[in-house]
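Starting from the structure of chain A, add chain B where the hints point.
Single-letter residue listing:
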Amino acid sequence: MMWILISLAIWIAAIALNLFLVRQRAPGSAFLVPVIFGFTVLILWEGMVRGFNISPVLLPPPSSIGLALASETDILWQDLVQTFFKGALTGYVMGCGAAVLIAIAIDRSPFLQRGLLPVGNFIAALPIVGLAPIMVMWFGFDWHSKAAVVVAMVFFPMLVNTVQGLQATDHMQRDLMRTYAAGYAPTLLKLRLPAAMPFIFNGLKISTTLALIGAIVAEFFGSPIKGMGFRISTEVGRLSLDMVWAEITVAAILGSGFYGLVALMEKRMTFWHPSQRKSR
Amino acid sequence: MKSIFPILTVVAAIFALWYVFAVVLNAPWAYSKAERAEVELSFSEMVADTMAQEKPRLPAPHQVGAEIWKTTVEKKITSKRSLIYHGWITLQATALGFAFGIGLGILLAVSIVHFRVMDMSVMPWIIASQTVPILAIAPMIVVVLAALQVDDIVAKGVISMYLSFFPVVVGMVKGLRSPDTMLLDQMKTYSASSSQTFWKLRLPASAPYLFASLKVGAAASLIGAVVAELSLSQNGGLGARLLAGSYYGQTIQIWSALLAAATLAALMVFVLGAIEKVTLKRMGMAQ
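Here the protein sequences line up with chains A and B, keeping their order.
Sequential numbering from 1 applies to the first sequence in our numbering.
Sequential numbering from 1001 applies to the second sequence in our numbering.
It should be emphasised that the hints constitute simulated quantities derived from the structure, not laboratory data.
Incorrect hints may have been included.
In silico lysine-lysine, DSSO-like type, Cα no more than 27 angstroms apart, as pairs [to be verified]: (1) LYS1200(B) with LYS1215(B); (2) LYS1277(B) with LYS1174(B); (3) LYS1215(B) with LYS1174(B); (4) LYS1200(B) with LYS1281(B); (5) LYS1174(B) with LYS205(A); (6) LYS190(A) with LYS205(A); (7) LYS267(A) with LYS1174(B); (8) LYS205(A) with LYS1215(B); (9) LYS1200(B) with LYS1174(B).
Here the structure is a predicted model, which is why all the values come from computation and not from measurement.
Chain A extracted, bound-state conformation (with noise of 0.2 angstroms):
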């Protein structure tokens, strides 16, 4: 009892001095509220499980999470290389690297374009992940099948947002290449490839979660004895939920700072574009 009520406590206290840090507009309170909001859930649920006296299979509680986190960072270490820079990461830069030529490559005739675009956006729609048993048969049970997991999964997407961003340039511009006599290279690397880059970083940012997606789940269809996807159906299988989170805390924080890291690239590389102006 003592718990619950303890933590409804410190619960109502941050609600109020979220509230009042709103209020006050302070210095700050952007990163601030998020930060104790995401705080108070954690001693909630703490509270929750202890007072509820919730098994532990069902639902641990955040410290023992933490424990494992910090006990087998072995074993989540040699998953996470296995599932992300092997799978996930290799499946990234090949399936983005080709969309991005084959959309380049397009892009020299409208004809394609027009029959393209809405066939890509349909197949974007597509549950693709359902690939996954087909490419571990394919390419076997080791990283290369997450891999080409992941191409197929990034490939329409990316290939979708890039169309799109090569069209971006107005007629205006593409005329003031052409009085300056640049051909085709030149005004596509000078002109049209930096006025794509928006969408190129749209679609870059929507890979990066669908690319740890399509690794972790192709790893349920067959995988070696390593991996997130791998550890997180065997332990699931040992009723050992706290290391299953410990593993969902790993690929949480794995897909912010991917993301992130995307998005810092954007911010760096198209400073010039109006969504990233600060806003007064």
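Just chain B, lined up with the frame of chain A:
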């Protein structure tokens, strides 16, 4: 409508590529069969064989088509081998999760637009929540929910909800904020209360945004339901068909389940598009 010809060309090209890959991928098995039977295989015989294997690495489109025809039209709907039966199970879970997702999404969006605290404290976490590969941990959530004696369909729905609420929140927040200062000032000159502003200005203005995000959300919730069925396969569903196919190497079955899921997604997006068209027209917002 002038883009119909290019689209058809692209689709035809995809099918042609599919056939080529089917020949290339299935050729080794055709050759090794011929070697064991000690017959020499001509090129055309090899191609014919790759089109008609029982467990091909990549089934040819017409094989998948035949399988779909067999499992939809020729089977009774109640049969466990009927794709329509499994598709219906998946569609139920998807619809439930999608409905939850829309409800949660709209609720969150309204409170985010109305309360600055919600905007500042919850919005960053909503965005962060989508960088978590939830699909990857769906099996575990399903298992936990099943242990809590929750109905299977609800457990699947939860995954669908998690995937579909995000587009709705983002779209609705954008939509509810889309009326510009001029319109808001107009409401002020009418001395409209904030609830009147909400019902008469903000909510109608958000309709086009809502529909755009509903289409994204529908596809996402279908993906969620299919993946959830991978771990709740005892009750059937397209995900269960995928899993069974991958266990027994029934590639044709995998592909037909995949195509069925694709058709379902296309159907949902199409229906939503039709509703969108009618609604926006009656609201006087059709372009």
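Hints, verified against the model:
{"no.": "1", "hint": "LYS1200(B) with LYS1215(B)", "in the structure": "24 angstroms, holds"}
{"no.": "2", "hint": "LYS1277(B) with LYS1174(B)", "in the structure": "20 angstroms, holds"}
{"no.": "3", "hint": "LYS1215(B) with LYS1174(B)", "in the structure": "16 angstroms, holds"}
{"no.": "4", "hint": "LYS1200(B) with LYS1281(B)", "in the structure": "17 angstroms, holds"}
{"no.": "5", "hint": "LYS1174(B) with LYS205(A)", "in the structure": "19 angstroms, holds"}
{"no.": "6", "hint": "LYS190(A) with LYS205(A)", "in the structure": "23 angstroms, holds"}
{"no.": "7", "hint": "LYS267(A) with LYS1174(B)", "in the structure": "22 angstroms, holds"}
{"no.": "8", "hint": "LYS205(A) with LYS1215(B)", "in the structure": "20 angstroms, holds"}
{"no.": "9", "hint": "LYS1200(B) with LYS1174(B)", "in the structure": "17 angstroms, holds"}
Of the numbered hints stated above, none is contradicted by the structure.
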